Amino acid sequence: MHLAYPAVLAALLFCTGLYGVLARRNAILVLMSVELMLNAVNLNLVAFDVWLRDRLHSGQALTLFTIAVAAAEIGIGLAIVLAVYRNRGSSAVDRLRDTAETDEAETVPAGDDEDDDPADTARPEDQATAAAGKAKKAEATP
Amino acid sequence: MITALGASGATAAPGFLSPTGVEIAFVLVGIATLGAALVTVTTRQLVHAALWLIVALGGLAVEYLLLTAEFIAWVQVLIYVGSVVVLLLFGLMLTRAPIGRSPDADSENRLPALAVAVASAGALVWVVVDAFRTTWIDLDGPAQGSTKATGSFLFRNWVLPFEALSVLLLAALVGAIVLSRKGRAAAPVDGTPAAAPEREDKR
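Line by line, the protein sequences are chains C and H. Quick note: the first sequence uses our numbering, first residue 1, plus one each step. Quick note: the second sequence uses our numbering, first residue 1, plus one each step.
Be careful, since some hints might not be right.
To be verified - Here are the simulated DMTMM-like cross-link-like pairs (lysine to aspartate or glutamate), alpha carbons at most 25 Å apart as the crow flies: (1) Lys148(H) with Glu163(H); (2) Lys182(H) with Asp98(C); (3) Lys148(H) with Glu70(H); (4) Lys148(H) with Asp138(H); (5) Lys148(H) with Asp54(C); (6) Lys182(H) with Glu73(C).
No lab work stands behind these hints, which were simulated from the structure alone. Keep in mind the model is a prediction, meaning the values are calculated, not measured.
Bound conformation, chain C alone (with noise of 0.2 Å):
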């Protein structure tokens, strides 16, 4: 098999993840992103490893530890997004801003606030849920 197939496969899929993780809003499509983007490595592991026939066969394990390192990252990157989902009532990357230090990146853009009502009045809780977060933010982190 030419070795550029899967090469090419590999760049073009870490480009894809790389777009998701900048385009995207919600924390977990931008975790779902940095997944593509570790498949795209993993994809490139393999193919070298089966290229070079090493007798350590370091790319195909370098993949499992990947893959493993990929699961770990996963469960701490979903339980760092529910934790902040539950503080602050929102998982959106670009509204929390906190720690910015200028001025104007501290003001929610225009146009979440209206993105953001119909949830909130649907369902009563997510607004208690918001409101609690934003009164205690402070000091609300276990």
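Given the coordinates of chain C, work out where chain H should sit on it, guided by the hints.
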């Protein structure tokens, strides 16, 4: 590979115009995988994104099979398709992701992201094609990624990283539990006591 090429001479190097069956299958599955990945990062329905991610990861498992890495293919099916996507769906449900089309799935920096992705894709594909234009993988002989071979090299040469990885997984498990349990001080003031047990059931 290099010795095989040297031994058999120029006749062993096939051309682009005479692809083998494995290459045709690889390209077809690759197109399907790439399409599923593109839908995953562009769809506006969040749950559909997770379901298309299953297609992309399953397609990658087929690519591993075509590259004779059988064990990694089944590990991919078990861990990614089986558990990671289910975890992502759990996360989507627990953060009350909207069912149906959500207009704010993409942030404002969509066009810069597209520019960066297209530029890096062009650069990477150009470099890779230029570097590996005349390189072929020799897929003949015994499978290099069978379960027997994998167990052999994993437990003969890679035992120490394997054990270190188990410690890392244990630390990640403990960390995920600590992060996702509700703090005792924050529990009375959080305002959502009814939603607490389902979140803890996840782990």
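Status of the hints after comparison with the structure:
no.	hint	result
1	Lys148(H) with Glu163(H)	holds (19 Å)
2	Lys182(H) with Asp98(C)	holds (22 Å)
3	Lys148(H) with Glu70(H)	holds (10 Å)
4	Lys148(H) with Asp138(H)	holds (20 Å)
5	Lys148(H) with Asp54(C)	holds (16 Å)
6	Lys182(H) with Glu73(C)	holds (20 Å)
The structure shown violates none of the earlier numbered hints.
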